[in-house]
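Asks: Next come the chains, spelled out residue by residue.
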Amino acid sequence: GQNIDQPTEMTATEGAIVQINCTYQTSGFNGLFWYQQHAGEAPTFLSYNVLDGLEEKGRFSSFLSRSKGYSYLLLKELQMKDSASYLCAVREDSGGYNKLIFGAGTRLAVHP
Amino acid sequence: DAGITQSPRYKITETGRQVTLMCHQTWSHSYMFWYRQDLGHGLRLIYYSAAADITDKGEVPDGYVVSRSKTENFPLTLESATRSQTSVYFCATGGWGEQYFGPGTRLTVT
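Respectively, the protein sequence lines represent chains D and A. When we follow our numbering, the leftmost residue of the first sequence carries the number 39, and every step to the right adds one. When we follow our numbering, the leftmost residue of the second sequence carries the number 67, and every step to the right adds one.
In isolation and in its complexed conformation, chain A is listed as follows (with noise of 0.2 Å):
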């Protein structure tokens, strides 16, 4: 049982390209969520999503697009990266507080 995984765990795109990271959860949590990381910041938001088909804004959407047509699956697109989008990634389930996170995606932006 695999709970929650990300794909890929590394990264490495130019400026300007589109990219997707993928998060995949066996547990079939309603609430899905993305974080970036960046040192001095701590996880802060970008998306989430309450159920099947239902998503919105966290603290930081800017330049990110989310999806959600099965319950399971929550990709993240960066729809033309920029460097100020280098940082870890994490997706998470759970609820608002008890959280379970995967093992994140370290994207670089060059």
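So that you can see chain D by itself, here it is in the shape it has in the complex (with noise of 0.2 Å):
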């Protein structure tokens, strides 16, 4: 089966540094997204990592380890608007048939 787990929330000072760690176990990995989420709005794609290492993307990277099954996401110069709920979602590969399976969230609050 998959198990994805994030933390559940987290807070960060505006202007800092923040890394939401997702560790997953799934059979058939076959890439991870960050997706951001605003309260009331719709998930918005952030990012994709498929092999080991960083991508940056501006002011949020994202990082894998298939070997431990661990990903984070960072994000810099943290403003109040990256006040938002930050979703981990593993696409398996099972038999021929993909599916895309998604973490509880981070909730973030970025405060002055």
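Any given hint might turn out to be false.
Mimicking DSSO-like on lysine-lysine, the simulated pairs with C-alpha atoms at most 27 Å apart in a straight line are [what the hints assert, rightly or not]:
hint, chain 1, residue 1, chain 2, residue 2
1, D, Lys95, D, Lys114
2, A, Lys136, D, Lys137
3, A, Lys123, D, Lys137
4, D, Lys95, D, Lys119
5, A, Lys77, A, Lys123
6, D, Lys137, D, Lys95
No lab work stands behind these hints, which were simulated from the structure alone. Model, not experiment: these values are computed from the prediction.
Put the two chains together into one complex; each comes in its own frame, and the hints tell you how they fit.
Replies: This is the structure we're talking about:
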């Protein structure tokens, strides 16, 4: 089966750096995705990792270690608008069929 | 260019009623998905469709019916609504990874 764990809530200060961790257990791993979801809105795609290492996109970076079943999303120079939930999602290839499994999300509160 | 839209945005219905949630996309993406989002559970896949007239079950399909007669539309029907189906429903297009979500429908079953 699949299991994705993320912290439920985190708080951080404007201008700081925050790291949101995601651990997963799955067979047929075929990629990891991060989404951002502001309260009352739809999720929006942030990043994608399929190989080990760091992917940087502006203030956001995402890291993957497939051997450890671990990823993190790094947010730099935090802004108030970064207050949102961050969803980790794992794509699993099960016998030729793809699945995308979402974690429950991490609610990040950025305060002044 | 609206992209992906859902209607209604809010719906209150009674237990036992049939209700249909609509999803429309303007991108002509092959894949479309229906998710429900509940506190503590994240997004859970209800049904998906790989193309017109091709649909398949996701993780939590019981109590739901879908159809896809046209590429751009993917309605979700609750045949006999139950209180446990109170949730926020998101439609999405794209692929198995980067997906584009509609604004959601908040459904309350009383």
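Asks: All hints, please: hold or fail.
Replies: Hints versus structure:
no., hint, verdict
1, Lys95/D - Lys114/D, "holds (11 Å)"
2, Lys136/A - Lys137/D, "holds (23 Å)"
3, Lys123/A - Lys137/D, "holds (11 Å)"
4, Lys95/D - Lys119/D, "holds (17 Å)"
5, Lys77/A - Lys123/A, "holds (24 Å)"
6, Lys137/D - Lys95/D, "holds (25 Å)"
This entry satisfies every hint, going by the numbered hints stated previously.
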